[in-house]
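Trainee: FYI, numbering that gives the first Met the number 0 numbers position 340 of the sequence shown as 339, with every residue one higher than the one before it.
Think of the hints as simulated: they come from the structure by calculation, not from any bench.
We treat Cβ as the ideally placed atom computed from N, Cα and C, and that holds for glycine.
Treat the hints with caution; some may be incorrect.
[As the list claims (entries may be wrong)] Subject to a maximum C-alpha distance of 35 Å in a straight line, what follows is the list of computed DSBU-like cross-link-like pairs (lysine-lysine):
{"hint": "1", "residue 1": "LYS617", "residue 2": "LYS478"}
{"hint": "2", "residue 1": "LYS318", "residue 2": "LYS478"}
{"hint": "3", "residue 1": "LYS334", "residue 2": "LYS318"}
{"hint": "4", "residue 1": "LYS122", "residue 2": "LYS153"}
{"hint": "5", "residue 1": "LYS122", "residue 2": "LYS617"}
{"hint": "6", "residue 1": "LYS478", "residue 2": "LYS220"}
{"hint": "7", "residue 1": "LYS122", "residue 2": "LYS220"}
{"hint": "8", "residue 1": "LYS153", "residue 2": "LYS478"}
{"hint": "9", "residue 1": "LYS334", "residue 2": "LYS478"}
{"hint": "10", "residue 1": "LYS635", "residue 2": "LYS318"}
{"hint": "11", "residue 1": "LYS617", "residue 2": "LYS588"}
{"hint": "12", "residue 1": "LYS220", "residue 2": "LYS318"}
{"hint": "13", "residue 1": "LYS617", "residue 2": "LYS635"}
{"hint": "14", "residue 1": "LYS588", "residue 2": "LYS153"}
{"hint": "15", "residue 1": "LYS478", "residue 2": "LYS122"}
{"hint": "16", "residue 1": "LYS588", "residue 2": "LYS635"}
[Said to hold, decoys possible] For each label pair, taking beta carbons as the anchor points, the in silico distance ranges come out as:
{"hint": "17", "residue 1": "LYS617", "residue 2": "HIS150", "range": "29 to 35 Å"}
{"hint": "18", "residue 1": "ASP407", "residue 2": "PRO108", "range": "54 to 60 Å"}
{"hint": "19", "residue 1": "TRP151", "residue 2": "LEU448", "range": "29 to 35 Å"}
{"hint": "20", "residue 1": "LYS318", "residue 2": "ARG235", "range": "42 to 48 Å"}
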Amino acid sequence: MPTREERYREYLAHPERVVGGTVEPRWVDGGVAFTHQGVHQVVDPVSGTRTEVAELPRSVEVTGRRLRSAFKIGRPPVHEAPSPDGTYFATESGDDIALRWAVDDRLSPLTSGGEPDFRWDVKGAAWSPDGLRLAARRVDTRRMDRFPVVHWLKPREEVEFFPAGRVGGAVEDVSLYIVHRLSRDVVRIDSGPEPEQDLRPLGWSADARELYYLKTNRYKKPFVLMAADSATGASRVVHEERAETWVSFWEKGLDCVLLPSRTGHLWLTERDGWAHLYLHDMNGQLINRVTGGEWAVTRVVAIDERAGWVYVEAHSDPKRPYDTHIGRARLDGTKFEQLTDEPGTHHGVMAPDLRVFVDNHSSMSRPPASDLRAADGTSICRLAEAEVTTEPGMDWTPPEEFTVLAADGETTLHGHLYFPSDFDPARTYPLIESIYAGPNSAFVPTHLLDANAVQSRALAELGFVVMMLDGRGTPERSKAFHDVAYGNFADNVIADHVAAIRQLGAERSYLDLTRVGVYGRSYGGYFTARALLEAPDVYHVGVAVNGVYEMREGNGPGPIECVMGPLEENVAGYDALSLYPLIPRLRGKLLIVHGTSDVNVPFAASLMFAEQLTLAGKPFDFLPVNEQPHHFTGVKGTYLAMAKGRYFCEHLGVDAL
């Protein structure tokens, strides 16, 4: 029988035991081509016939490369924008944009004058239909503060400086340009006088006379669809949306998709309380609502304008509000069809001819698989499914799904409980909560290889029951559910999670609520510390990783300011977010962990929190991890997992490590 430590390590490695199941389709004349576990295959979409080939055929669609840069910590991925005919690509070249010719990879400069703090950005760049003009952004960080990342273990210490966007301080200022491919002439888009804009190209009119783009600000309100004259840069407002709170800012939030004919656009908005699609013309006038109901659209997959359908990903099953399905709606708003049934997460990739799509899917109990489906959802064939190889007695067991009421006594919350494989309901177990609770992302997983699910399942093997919960103020449900966070996003979080723990404890005698731990990273690090400080009678041990504990000091104010509003208009709300005044309440055991190379939440955030704890005379433990970014990886990621496990075992009275 493996020891608890051996089982812990084995479950941490579970993603390595699940191979394949998800395909990246390449659409070719013969159907869909893909590689699965090293085998190149082509599947006929009519018959479902599968043929193995020596190499994949050339795709009928043009795509660019997305390359990871190994040069600097925190430097974004390199993107490319393919020309309409696929003969060249706009690509990053230092701080400028160059053309890369597909035939020989030759580079020729397209822009000049880029510099590290005022660089050209090819991400989201859009070619005109004739391939003569490129719409691209420049990102200006010259006014922003800088924070250091120190490489302590070099033969001589080295320091890199990165832009720091602090609450109330300068942030990225984005400008938009049109560059002519032949003349290299540059036209700046006049997007208005507002400072610190965020601009995103969407596409061009059919005759290339107008460029369409989205405009917002650091507070994510309003959102404006603009149209710019490609010759002069003069812009007009097509469609504008405002809101009392935010219009949208979460990771799957507001979107705008142009119809292929450019006669209208689909606007994804929460204006009626749920995220749904509305069809507008190119003057902003509403034509009709496309989707509706007490569920949320999360992404537009494709538009078949000729047949009158839009394909979407959506939380379309109200009984399981976090599952993501593929569906389609009539553009005239008369019908919606959910095209997938199995629970979990479905991700759709539509063929260019809009006749078939690939459905990559998984759930907490179902390994990844990929199906080829007709446009109406009819299954044609299974393309691939994961191969799962585990040690005897160490099969994956899915968590128990549960619902509880929030602290308001009315709102239903959803969560998971993870159990050790030798769970005995006659025994008692400490409870550990894995927490995130940030207003920018739902946390409770819906697919098997979610990293947080893997960590929770593994931790349970040490002899714990592990809980995950999405409380009020998090996205992917109704706007009212999300808007609870507005103005003070920490106000209800701990209360909701405490309410959940108490309800679970009342229903389950095997939970020992005298031994409760909590851990999390980023926002989860903040809420780990806040849980110990705000509810010391409930939470007894915490491991806080890469957290920011005084929100005004964190890097990247966007997710904070669009929830809290401008600092000068909500000083009391920002004051309430600070953990420093709560430090005298600390009674439990707290381990603070931070990667020294984190450019999302600077290392200084934990140093400042540690300083305040020290000045208050509060005991705590501190683990700096050298050269690790916001997400720990490799040997040091494993070390963190073991350190976390040991800390909980030691302080919650479990003899496992």
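Trainee: Each hint needs a verdict: does it hold in this structure or not?
Mentor: Hints and how they fare:
Distance check on the hinted pair: LYS617 and LYS478 sit about 40 Å apart at the alpha-carbon level, beyond 35 Å; violated. A distance of roughly 17 Å separates the Cα atoms of LYS318 and LYS478; the hinted pair therefore holds under the 35 Å criterion. With a C-alpha separation of about 20 Å, the suggested pairing of LYS334 with LYS318 holds against the 35 Å cut-off. Between the alpha carbons of LYS122 and LYS153 the distance comes to roughly 33 Å, so the proposed pair stays at or under 35 Å and holds.
For the proposed pair LYS122 and LYS617, the alpha carbon gap of about 46 Å is over 35 Å, so the pair is violated. Distance restraint check for LYS478 and LYS220: the Cα-Cα separation of roughly 15 Å lies within the 35 Å cut-off, and the hinted pair is therefore satisfied. Distance restraint check for LYS122 and LYS220: the Cα-Cα separation of roughly 22 Å lies within the 35 Å cut-off, and the hinted pair is therefore satisfied. Note on LYS153 and LYS478: the hinted pairing is violated, with a Cα-Cα distance of about 49 Å set against a maximum of 35 Å.
About 23 Å separates the Cα atoms of LYS334 and LYS478, which keeps this hinted pair within 35 Å; it holds. Taking the CA atoms of LYS635 and LYS318, the gap is near 40 Å; set against the 35 Å cutoff, the hint is violated. Taken as a hint, the LYS617 and LYS588 pair is honoured in the structure, with Cα atoms around 10 Å apart against an allowance of 35 Å. A distance of roughly 31 Å separates the Cα atoms of LYS220 and LYS318; the hinted pair therefore holds under the 35 Å criterion.
For the given pair, LYS617 sits about 27 Å from LYS635 by alpha-carbon distance, which is consistent with the 35 Å threshold. With a CA separation close to 33 Å, the supplied pair LYS588 and LYS153 stays within the 35 Å bound. Using a Cα cut-off of 35 Å, the hinted pair LYS478 and LYS122 holds, with the two alpha carbons roughly 29 Å apart. Straight-line distance between C-alpha atoms of LYS588 and LYS635 comes to about 22 Å, which keeps the hinted pair within the 35 Å bound.
About 31 Å separates the C-beta atoms of LYS617 and HIS150, a value consistent with the hinted range of 29 to 35 Å. Our hint of 54 to 60 Å for ASP407 and PRO108 holds, since their Cβ atoms are close to 59 Å apart. Between TRP151 and LEU448 the CB atoms are about 34 Å apart, so this pair conforms to the stated range of 29 to 35 Å. In this structure, LYS318 and ARG235 meet the distance hint of 42 to 48 Å, their C-beta atoms being roughly 44 Å apart.
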